[in-house]
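> Below, each chain spelled out in residue letters.
2 protein chains.
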Amino acid sequence: MTVELISVGTEILLGNIVNTNAAYLAEKCALLGLSCYHQSAVGDNEERLEDAIKLALSRSDIVILSGGLGPTKDDITKEVTAKVFGREIKEDAHTKARIQEYFRQVHSGQITPNNWKQAMVPEGAIVVDNHNGTAPGLIIEENGKAAILLPGPPNEIKPMFERDIASYLNKLQPEGIYSKMVKICSVGESKAETMVADLMDAQTNPTLAPYAKTGEVHFRVTARAKSEEEAEQLMKPMVDELYKRFGDKIYTTEEEVTLEEAIVELLKEKNLLVTTAESCTGGLLAGRLLNVPGASSVYKEGYITYSNDAKERILGVKRETLMEYGAVSPQTAYEMAAGAAKAAGADAALSVTGIAGPGGGTKEKPVGLVYIGCCVKGNVRVEEFYFTGSRDKNRDYSVVRALTLLREELLKHHS
Amino acid sequence: MTVELISVGTEILLGNIVNTNAAYLAEKCALLGLSCYHQSAVGDNEERLEDAIKLALSRSDIVILSGGLGPTKDDITKEVTAKVFGREIKEDAHTKARIQEYFRQVHSGQITPNNWKQAMVPEGAIVVDNHNGTAPGLIIEENGKAAILLPGPPNEIKPMFERDIASYLNKLQPEGIYSKMVKICSVGESKAETMVADLMDAQTNPTLAPYAKTGEVHFRVTARAKSEEEAEQLMKPMVDELYKRFGDKIYTTEEEVTLEEAIVELLKEKNLLVTTAESCTGGLLAGRLLNVPGASSVYKEGYITYSNDAKERILGVKRETLMEYGAVSPQTAYEMAAGAAKAAGADAALSVTGIAGPGGGTKEKPVGLVYIGCCVKGNVRVEEFYFTGSRDKNRDYSVVRALTLLREELLKHHS
Chain A
22 MTVELISVGT
32 EILLGNIVNT
42 NAAYLAEKCA
52 LLGLSCYHQS
62 AVGDNEERLE
72 DAIKLALSRS
82 DIVILSGGLG
92 PTKDDITKEV
102 TAKVFGREIK
112 EDAHTKARIQ
122 EYFRQVHSGQ
132 ITPNNWKQAM
142 VPEGAIVVDN
152 HNGTAPGLII
162 EENGKAAILL
172 PGPPNEIKPM
182 FERDIASYLN
192 KLQPEGIYSK
202 MVKICSVGES
212 KAETMVADLM
222 DAQTNPTLAP
232 YAKTGEVHFR
242 VTARAKSEEE
252 AEQLMKPMVD
262 ELYKRFGDKI
272 YTTEEEVTLE
282 EAIVELLKEK
292 NLLVTTAESC
302 TGGLLAGRLL
312 NVPGASSVYK
322 EGYITYSNDA
332 KERILGVKRE
342 TLMEYGAVSP
352 QTAYEMAAGA
362 AKAAGADAAL
372 SVTGIAGPGG
382 GTKEKPVGLV
392 YIGCCVKGNV
402 RVEEFYFTGS
412 RDKNRDYSVV
422 RALTLLREEL
432 LKHHS
Chain B
22 MTVELISVGT
32 EILLGNIVNT
42 NAAYLAEKCA
52 LLGLSCYHQS
62 AVGDNEERLE
72 DAIKLALSRS
82 DIVILSGGLG
92 PTKDDITKEV
102 TAKVFGREIK
112 EDAHTKARIQ
122 EYFRQVHSGQ
132 ITPNNWKQAM
142 VPEGAIVVDN
152 HNGTAPGLII
162 EENGKAAILL
172 PGPPNEIKPM
182 FERDIASYLN
192 KLQPEGIYSK
202 MVKICSVGES
212 KAETMVADLM
222 DAQTNPTLAP
232 YAKTGEVHFR
242 VTARAKSEEE
252 AEQLMKPMVD
262 ELYKRFGDKI
272 YTTEEEVTLE
282 EAIVELLKEK
292 NLLVTTAESC
302 TGGLLAGRLL
312 NVPGASSVYK
322 EGYITYSNDA
332 KERILGVKRE
342 TLMEYGAVSP
352 QTAYEMAAGA
362 AKAAGADAAL
372 SVTGIAGPGG
382 GTKEKPVGLV
392 YIGCCVKGNV
402 RVEEFYFTGS
412 RDKNRDYSVV
422 RALTLLREEL
432 LKHHS
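Protein sequence lines correspond, in order, to chains A and B.
Note that the first sequence covers residues 22 to 436 in the working numbering.
Note that the second sequence covers residues 22 to 436 in the working numbering.
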């Protein structure tokens with residue numbers, strides 16, 4: 022079954038926004054086993070939109086249109102699609118009531134007349150409720166083809182797709198597609214792929230596919246099945262096998278859980294406080310950990326120690342260490358981590374010292390050389406890295422490597 | 022003159038990558054005065070790519086293809102385009118020499134045979150050197166139409182467009198389009214637009230258009246002219262007028278300069294050291310300042326003080342202040358900024374304390390309430406903000422507001 026995406030909006034054609042909806046929908050459709058051979062973007066122009074819809078319906082089974090469902094005159098996706106299918110547009114009482122309720126809750130009832138435009142629905146269309154806005158999703162079916170109209174704002178289209186569109190698409194196919202994300206750290210991408218090469222070769226149902234993410238490896242396990250329960254049963258042996266091979270290097274099998282969330286959870290479980298002492302990452306490591314709502318129960322304070330003086334005074338790094346080995350050295354990373362834990366009265370500490378670039382490199386200590394220290398209950402481990410990216414990339418990788426190192430050391434620690 | 026974009030690559034159709042090239046090219050083309058009515062994406066499939074190119078050439082003057090110029094068999098953009106134009110493909114000695122030189126420098130000479138594929142060029146095509154990779158850009162002209170083939174990696178396509186493609190497109194038109202970005206902080210978006218409403222209404226050549234960016238306002242001044250010098254002359258009165266109205270709230274007129282770079286520059290000029298004391302932003306403010314290479318000359322150390330204890334112990338915030346007014350209060354922000362400057366021995370300090378959400382809000386202190394303090398040479402100013410976004414957004418806005426506040430106070434300070 023083939024699907025085609027049409028993004029509607031002049032702001033896309035002008036490059037004012039990046040079309041993240043297309044990537045989102047494309048990925049979701051691929052995961053549902055649909056083949057997508059075409060994506061296009063057109064403006065809010067009747068003639069060109071009509072041509073685009075007709076072309077898409079001529080070559081694909083399902084056409085997903087996003088955007089152009091707003092209340093203004095510019096928004097014509099619904100009207101043009103109805104025209105292509107030869108359908109009248111009529112007011113839908115259910116949608117009208119929902120819009121009324123939405124405005125009562127969100128805008129204290131201030132509805133402008135043009136909002137009622139969004140209650141108008143093509144005859145015979147399936148109405149998909151919008152729980153995050155006023156434009157409903159619409160599905161028009163005819164002759165084994167379907168046009169699915171979705172609102173443009175990412176915070177509306179995504180929950181609508183997850184909640185209703187994915188299951189609609191799954192029902193169109195003899196078997197639905199279900200998947201699980203197994204997220205792994207502490208193993209390099211190519212090593213991880215080698216470790217499951219046999220599983221990837223032998224795969225039929227479920228299948229296994231790697232996804233690279235800065236410093237992590239994610240494997241998606243995908244099953245075709247008649248129901249979610251059947252899919253779960255099919256996926257379980259594969260997930261179990263991955264656990265057998267990667268063990269506790271798997272930090273989650275939940276789509277939405279991030280590495281920093283898993284680590285904050287681990288710290289909470291073990292009832293440990295963590296701190297950070299950063300040189301080249303300059304606050305990004307702390308910023309990432311503190312992305313997690315509620316991280317305040319495991320993180321009380323941290324330090325950005327750019328200068329040698331700060332490393333000495335705040336963290337207690339010895340002057341001789343700095344003189345003899347330099348600020349970018351395993352010895353300094355060691356003392357930074359141990360000193361940070363002490364200064365913050367924390368059970369665990371991460372330290373990062375390195376040369377992010379573009380300047381500051383030497384032959385002995387090139388740009389990209391980073392030392393990361395991790396102290397848990399007085400035990401300090403230091404790792405050396407040579408990153409080869411831009412300043413941004415080197416700092417990003419340093420942050421992920423530091424988090425990974427902390428997780429490894431936390432798992433070793435039994436309270 | 023119309024332009025159309027075709028993005029080539031299965032990774033786009035599968036949603037594995039977000040198509041930022043399309044947004045980049047669309048914006049650049051719009052700035053050059055070209056009209057873009059269609060964007061599309063197709064995979065590395067001969068038949069569908071051929072159809073896409075033919076359709077695009079049938080309705081647009083210029084077709085820009087990105088991606089599919091790599092050395093592998095999958096990469097077929099050049100071959101299919103040459104077929105559409107009926108051109109042979111032959112080895113280009115100049116490109117071959119460049120590839121040889123590139124590998125000598127970057128990969129110690131390790132060329133694999135398939136790399137020579139990238140030296141093959143359609144007959145009569147204009148070759149555009151790639152200074153960041155091995156695939157040259159190619160332009161094929163015929164009957165007043167042109168196909169422009171560009172490499173897919175953003176770090177190759179962008180410099181190639183800036184360096185050579187923009188001027189090529191400008192030459193196709195009777196007058197070229199040139200522009201300048203005037204970047205403003207400390208003025209809200211709608212106020213800034215009101216302040217120049219007359220200029221925007223009266224505009225012909227140059228034109229003035231606002232671009233919103235988190236916490237900043239950018240105005241693009243665009244002129245049509247026969248040469249860059251003529252454009253400069255046309256734009257100067259408009260830029261002067263903007264300076265008259267916004268004064269030192271304009272922090273740069275250079276496309277590439279960021280707010281944090283402008284501030285680091287200002288600190289260097291005034292020979293001042295800065296530090297940061299962060300609660301809800303948790304290191305992101307420091308991380309942003311330290312994005313700037315060479316920031317180490319103006320930033321030596323900083324603090325993440327999440328807990329009350331850390332605010333007291335590290336920054337010297339008085340216990341009574343925390344007890345009486347709470348951690349999220351103007352009084353605490355004041356003492357955090359003053360205390361941070363003292364602790365770090367810095368001339369200037371920024372403090373941020375607030376409720377980023379989603380939890381932690383009360384009726385008196387709702388989610389989104391943030392106090393930012395700025396201390397320069399002992400003078401402290403505190404500002405109150407109510408942000409209304411997600412945790413991420415609230416933290417991002419806090420960072421920009423803090424930077425803006427610092428800039429304002431630095432400008433007041435005469436050493």
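There's no promise every hint is true.
Any copy will do: because identical chains look the same in the list, a pair fits if it lies in one copy or spans two.
What the hints assert, rightly or not - In silico BS3-like cross-links for lysine-lysine, where the CA-CA straight-line distance does not exceed 25 Å:
hint, residue 1, residue 2
1, Lys-414, Lys-321
2, Lys-398, Lys-201
3, Lys-247, Lys-289
4, Lys-192, Lys-384
5, Lys-321, Lys-386
6, Lys-363, Lys-291
Because the hints were derived from the structure by calculation, they are not lab data.
> Evaluate each hint against the coordinates.
Hint check results:
For the homomeric pair Lys-414 and Lys-321, the shortest alpha-carbon distance between copies (22 Å) is at most 25 Å, but the shortest distance inside one copy (27 Å) is not. Proximity of Lys-398 to Lys-201 under the C-alpha cut-off of 25 Å is found in neither arrangement, the shortest distances being 35 Å within a copy and 55 Å between copies. Taking the shortest Cα distances, Lys-247 and Lys-289 never come within 25 Å of each other, neither inside one copy (39 Å) nor across copies (65 Å). Within a single copy, Lys-192 and Lys-384 get their C-alpha atoms no closer than 61 Å, and across copies no closer than 46 Å, so neither meets the 25 Å cut-off.
Proximity of Lys-321 and Lys-386 under a CA criterion of 25 Å is satisfied inter-copy only: 21 Å between copies versus 33 Å inside one chain copy. For a Cα distance limit of 25 Å, the shortest separation of Lys-363 from Lys-291 inside one copy, 19 Å, qualifies, whereas the shortest one across copies, 36 Å, does not.
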